[in-house]
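Those sequence lines, one after another, are chains A and B. Counting along the first sequence from 1, when you hit position 104 you're at 104 in my numbering, and nothing is skipped either side. My numbering runs 113 ahead of the 1-based position in the second sequence.
It should be emphasised that the hints constitute simulated quantities derived from the structure, not laboratory data. On a predicted model such as this, the values are computed, not experimentally measured, just so you know. Heads up, the beta-carbon is just placed ideally off N, CA and C, and yes, glycines get one too. Hints should not be assumed to be uniformly reliable.
As the list claims (entries may be wrong) - To be clear about the criterion: a stretch of chain A counts as covered by chain B if any three or more of its residues have a C-beta under 8 angstroms from a C-beta of chain B, and this derived list gives those stretches:
1. 39 to 48
2. 100 to 109
As the list claims (entries may be wrong) - Here are some, though not all, of the chain B residues that point toward chain A, as calculated from beta-carbon distances under 7 angstroms:
3. Gly155
4. Tyr161
5. Phe178
6. Gly184
7. Val187
8. Phe222
9. Asn224
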Amino acid sequence: AQSVTQLGSHVSVSEGALVLLRCNYSSSVPPYLFWYVQYPNQGLQLLLKYTTGATLVKGINGFEAEFKKSETSFHLTKPSAHMSDAAEYFCAVSDRNNNDMRFGAGTRLTVKP
Amino acid sequence: GAGVSQSPSNKVTEKGKDVELRCDPISGHTALYWYRQSLGQGLEFLIYFQGNSAPDKSGLPSDRFSAERTGGSVSTLTIQRTQQEDSAVYLCASSFRPRQGHYNSPLHFGNGTRLTVT
């Protein structure tokens, strides 16, 4: 079955700094990859997804992620952090053979002023 | 036309009691998922429903957990003889999956039910 590993349960950056949240996946077939964000006291919402085609995917709020098959990675980045980016971020994987979507343990992003 | 609705939003129960958690998915969504979110544990897959197919129950942690989906819409997750380790946020999500093999549709999540077992 597919799985996801998120490196770093907590990441802290200064406002204006680069955000990098790491995600590695395991899948025996080409994966579908997702990043979800959970703001405080809110439900999860989709940030971006990769299915096929262009490996650099742009999402909402200036986030983007790049699918690198050779590294089995789908890291999430944003050039300049904003205070409103403070949230928990989840990487998830599914594929054309599997019914379910598997999530990583999540990374809590803190943005310091 | 709202999103996924879950009820109750909070539930406090005594150890050993049964609880039922409800999920109303987005109208027309064929796929419905239950996840459990515990502190520091991420999202743990519990069960998946797709149309009229048999559900994927591979994530249910014990036989105290069960779920059903009536009429392809509303779903109920039941936990019997609750234990303190069942305390968590239970999340429901739905998705539109037009046919087998198209699993790239994103999930739409409800706000969850926070279950506390005392």
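Going through the hints against the structure:
no.	hint	in the structure
1	39 to 48	holds (count 5)
2	100 to 109	holds (count 7)
3	Gly155	holds, 4 angstroms
4	Tyr161	holds, 5 angstroms
5	Phe178	violated, 16 angstroms
6	Gly184	violated, 20 angstroms
7	Val187	violated, 18 angstroms
8	Phe222	holds, 4 angstroms
9	Asn224	holds, 4 angstroms
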